[in-house]
Each structure stands twice: as C-alpha cells, then as structure tokens.
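**Student:** Given next are the chains, with one letter for each unit.
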Amino acid sequence: MAQLYFEQLLNGIQLGMFLFLVSSGLTLIFGFMNVINLAHGSLFMIGAYAIAFLHGVTNSFLLALILSLPVVAIFAWVIEVVIISRLYTRDHLDQVLATFALILFINEGTTMLFGRTPMFLDVPPLLSGMISIFGVVSYPLYRIAIIVAGLAVAFVLWIIIAKTRLGMLIRAGTTNRETVEQLGVNINQLNTIIFVAGAMFAGFAGMLAGPLTSVEVGMGENLLILCFVCIVIGGIGSIRGALLGAITVGVVDTMGRAFVPDLLGKFLEPTAASGISAGLSSMSIYLLMVVVLVVKPTGLFPVVKSH
Amino acid sequence: MKLNIFRLIVGLTLSAIGAGAVLAEDLKIGLITTLSGGGGYLGADVRDGFLLAIKEEGGKLGGKAVEVLVEDDGRKPETGRAIAERFLERDGVEIMTGIIFSNISPVVAPLTLRAGRFYVTPNSAPSQFAGKKCHENYFAVAWQNDTLHESAGLNATSQGYKNAYILAPNYQAGKDSLAGFKRYFDGEIVGEVYTKLGQTDYAAEIAKIRAAKPEMVFHFLPGGMGINFAKQYDQAGMNDEVPLVLAAPSADIKILKAVGASMVGISNSSHWNHDLDNAANKAFIAGFEAAYDRSPTVYASQGYDTAKLIASALSATGGKVTEDMDGFRAAMKAADFDSVRGPFKFNNNHHPIQNWYSRVVVERDGQFVNKITGTIVENHGDAYASQCSM
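From first to last, the protein sequence lines are chains A and B.
Counted from 1, the first sequence has number 55 at position 55 by this note's numbering; the numbering is strictly sequential.
Counted from 1, the second sequence has number 203 at position 203 by this note's numbering; the numbering is strictly sequential.
Derived by calculation from the structure, the hints in this document are not laboratory data.
Be aware that a few hints might be false.
[As the list claims (entries may be wrong)] Below, simulated EDC-like cross-link-like pairs (lysine to aspartate or glutamate); rule was C-alpha separation at most 20 Å, straight line: (1) Lys55(B) x Glu67(B); (2) Lys266(A) x Asp336(B); (3) Lys196(B) x Glu221(A); (4) Lys266(A) x Glu188(B); (5) Lys320(B) x Asp336(B).
Keep in mind that this is a model prediction, so the values were computed, not measured.
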C-alpha cells in the first residue's frame, strides 16, 4: 500500500514539475509583458520534435538535448520579433487571436516537415529502469530525473530573480511597467530576453517529455490548458505561484485519477462508478481553481501591482 | 416580344446543357476523417487506402468517375457536423465515409441518413448502429467496435489468463471496447478504468495496475494514446511484471515503430495483417508501398476495402447511387468484392462477419511488425445483430 501512495504522490509531483517548467515561462510572459501567449504549448512541442529529430541524427540523448536548446531559442526569438512584439500594445483578445493563429501555423508546419506519424524517442539507457527510494517505494528513474530537473530550474530561476539585476528588472516590470520604461531601461530588449527564456523552459519541458510521451503534433495543447489553471491558482506573474500552483495541480489531478474511482466504487456499482469518476477526476483541478478563485481571486501568491 | 422569346429559348437551351452536364458529373463522395493530432495518421491512412483504389482504376470506382472531397474533423464532433452539413447541402455528396473516431460518428451518421444518403464507415462502428438504430443505408466495412475487443477477450481466455485489468478512454468506442472484452473473457475483471480521451500521462493508472497485481492488462488506446501508455508502461518496469494482451488499434505498426523494442512479444489480435496470404492483400500492399513509399497500417486496408466495396456496388448499378437506391443498397449488401482480409460477408445489420487472428509483435529486418500466430475465431458476427430489425 505504501508503494501505491508514495508512487502516486511522486507521480503528482513529477507532473507538477512538468507543469512548472511550462507555466514559469507562461506566467512571466503574462505577468511582465501582459501578453496571453497561447502558442506556449507549441514551443513545448518544438522542443520535443527538436530533440527527437536530433536524437535520430546524433544517437545521443545528451547531445540532442544540448543542441535542441538553441533551436528552441532561435524559434522563440523569431516569433517574438515578428509577431509577439506587435501585440504588447493590443488588448487580450487580439493577443489570443494572433497566438491561436500561431498554434495552427506551427502545427501545420510541423506536419509538413515531419508528417503525421508520431516520432520515435526512447529514454536514454543511463536514465531508464527503476530505483528504490529508501526501500519503501520503487519508482522509474527517468521520472525522478524530471523532478530533479524541475527543482534545478526552480532554483536557477530563484537565483536569477532574487539575486541578479535582470531579476530586479523583471520584478520591477511585473509590478509597474511604466515606471521601468520611464527609468530608461530598454524594455524591448528585456521583452525579447524574457520571451526567449520562457520559451526555452517550455522547450526544455518538451525535450524531457519526448521519451515518455508520444511526440506528436498538438502535444502541447493539453498541457497548456493545465498550465493556465496553474498560473491562475498560483497568481499571475509570480514564479513562486507557478511552482506552488503547478505542484498543487499535479498532485490533485493525479490523486483524483488515482483514488476517486475507488472511492466512488464503494458507493456505486462498477460501471456507473467508472463513468462518473472518469468525469469527476478530470474535473477535479477545475473545481480546485474555482475554489481558489472564490477564496483568493488574485491567486495564492499574487504579485501586488502598484498602479 | 420577339426579344423575350429569343431569350427564353436561349435560357432553356443553356439550362438543358447545364442539366446534361450535371447528369454526366462525377459521383461525389465525402470523406470526413481525422487528419490532425494524435489520431491523425489513422485518418491519413484510411484516406490514402481509399484513394489508392480510385487511383488504380484511373479516377473511377466500378467504372464510374468519382470525386472525393476530403476534410479534417480534428477529432471534434462540431467540426464533423459542420463539414457534413456542407457536404450534404452545398456539395451534393451522395456517399459519406471516412469517420475514424466514435465521438464523431454518432453526429455525422444520423445527419447523413436523415438526408437520404448512404453512410459507409471504414472505421468507427459504435454499437447503437449495429442494434436498435440500424439503418438500411448504413454499412460498416471494417468491424463493429465491440468485435475488435471481443477478439482480444477470446485471445486472452485461450491463453489461460484468469483475471485482467482493463482500461479505455471515456467515450463511446472506449465503453464498447471494454464491454466487448468482458463479453468474451472468461476470467475475473480486477479493475476497470476510463481515462480521458487524448490523455498523455498514464503514471497514475500504471501505479494502480502495479498495486492491483492482475495477471494481464487489456487496453484500448488508439493512436498517440497507445504510444504514451506503452512507453510509460515499459519505463515503469511493468512489461516484465504484467503482460499486455491487446487489440489491433493498440498495436498498429506506427505505434510499434514509435515505441520500439519494448513491444516485442506482446500478444494482440486483428481481422487483418500484412502476412495474410491472399492475392488481393498482396496486390494492395505492393500498390500502397509503391504509391506512398510506406507500409500500410490496418487503417489503410480498411480504407481500401471500403473503396473496393463501393466500386463493386457502382459496377452493379452502372454508376447510380441516389437514382437507384434500392439497387445500390442490394449491391452493397451482396459485398461482391475481393477483400484484402479474405472471406467477407455482411450480417443482417450491415456489419461484417469475418475471421479474427491472433498475432505477436516481432522484429523483422530492423522493423517491428505483427506476425499471425493462429486463428482465434472464424465467421464471427457482432453481438447486436439480433437487436436489429433488418
């Protein structure tokens, strides 16, 4: 029983780490630049395709991972300069329309380049198999690696935001953008840097996801919806909020899928229980979001705006 | 007055020519299928198999020139409905085909049948249209949804498994699949789980399977979902602990290719395989590989059979569909064509009666393919035929 509970808990945390990697970029872009970027999921997909392709070429997971990062960065830079930069002054609806069009464009482009068949990518032999944690639970090594990677990124982000000049500018910009502009900071350059950085986190998550999931067109969209829930729960513009929101969503979603069906099975007969519980467990995170919004509308760790 | 009569004569002549042109027009076939997302290659293969048959006849089916309108439903019922309405009302489509997923067919099929047109499905065949809601203009060419999984249930029973843990996505075909498996599996069901359609992460479900310790696992997770589950199941070390017994949609060659070596040795069942030894199948595979430079999946074989069936009916009615509905319907029921599966005939509810084969995944020349190991059942009809009043 301990194996089951701990395994599910670890599953939830691992899912949360994935969500954090993608949400951190999303929340920065939304919080700092006030741009809703629906194409963030596409950047996740580009990361996965880049590593799948490069892995096919180089046959080394590590090399493919390192080479994919600049690929995602270049893509993000082009997208930012050509499209996103024109959206800063527009209202949210225009941003939604433009970035949604970007999703369709990127999806079609990927289909034209790689076809409709999902690409093959396997877990690197060094990271495959199971490890035993304190002798209590045995868990796939690769998923542990993802948790570690997510924590490392969280740590790096914390260092940058709390201890560097760039981080200071980011915090200032999310709080009061106009003042930062008036102080003579090159806000356009900052925008590009932040967009590319956010995109790289999403791409990195995509690279990590490649071995575990099907590398297919549209793989980012499902995750993106969950990420919006994460940043709404955590508070928009706040990295701490993204981390907390992501872990909460990851654990609640996993626990919901894991235990709600059994719980309902005690009261209802099997077929009815399975049907209702399937619906309930996929609803659980949205119910959570509603509860958080009712209790704390700006999220759990909101960035306090000073204007 | 003179001018008016002149105009009248010109107008009538032109419309007579126009009417003549309409009569001599190509037969329009609407192919609504899923071409995007994780299920995209299923639709692409059905389409390519269907178009191959037309290409082989030089743009005709059964001697009648056809025009196939292909559109992507994106696995969304609303999109399927919009396309079907446009095909029926604006484009004059006489035969509707192509639907892959069973969340779309319950929307498009009734629409087509109410418009008095034929609906011929190369894939999705949910239970309601095989039983109480069967319709004289509805034909299922591939199988009835449940039978795909009934074959897996029979396969599992014959391999001696006493209990099973089963999963499928929470939609019509998912429910049909588990119902079908349970109908023919003699053992005990240890766990029955419905996942979300399009779900990518199965860690939670795999952990539950590990805790439940069943003898085997059966799942219906077509396309990208199957790839995700297979990869994660292997990563969790479960392939060595609990074997999988699958049905064709969870083990098509694209899934095998995307997942890789961990699928070798997995037992599954299907109504068709590359190594079926008949002339039609050999010709189909050779033609498909020459035309598209890739190996056909089972979905391509279904698209091809659908086109060949329609061709046989068109050849019998001299190219008429809507002008000779009774004749076309009778010719379709007769199913006088060489299926790539070998023996093929329709049941009273217009669903196939066919053989089911057990297969195992092997590696051959660096590729992962299925090899037939035996026949599970012959001339198997579906469970809903008796509920159909036809």
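**Student:** Sort out which numbered hints this structure fails and list those numbers smallest first.
**Tutor:** 2
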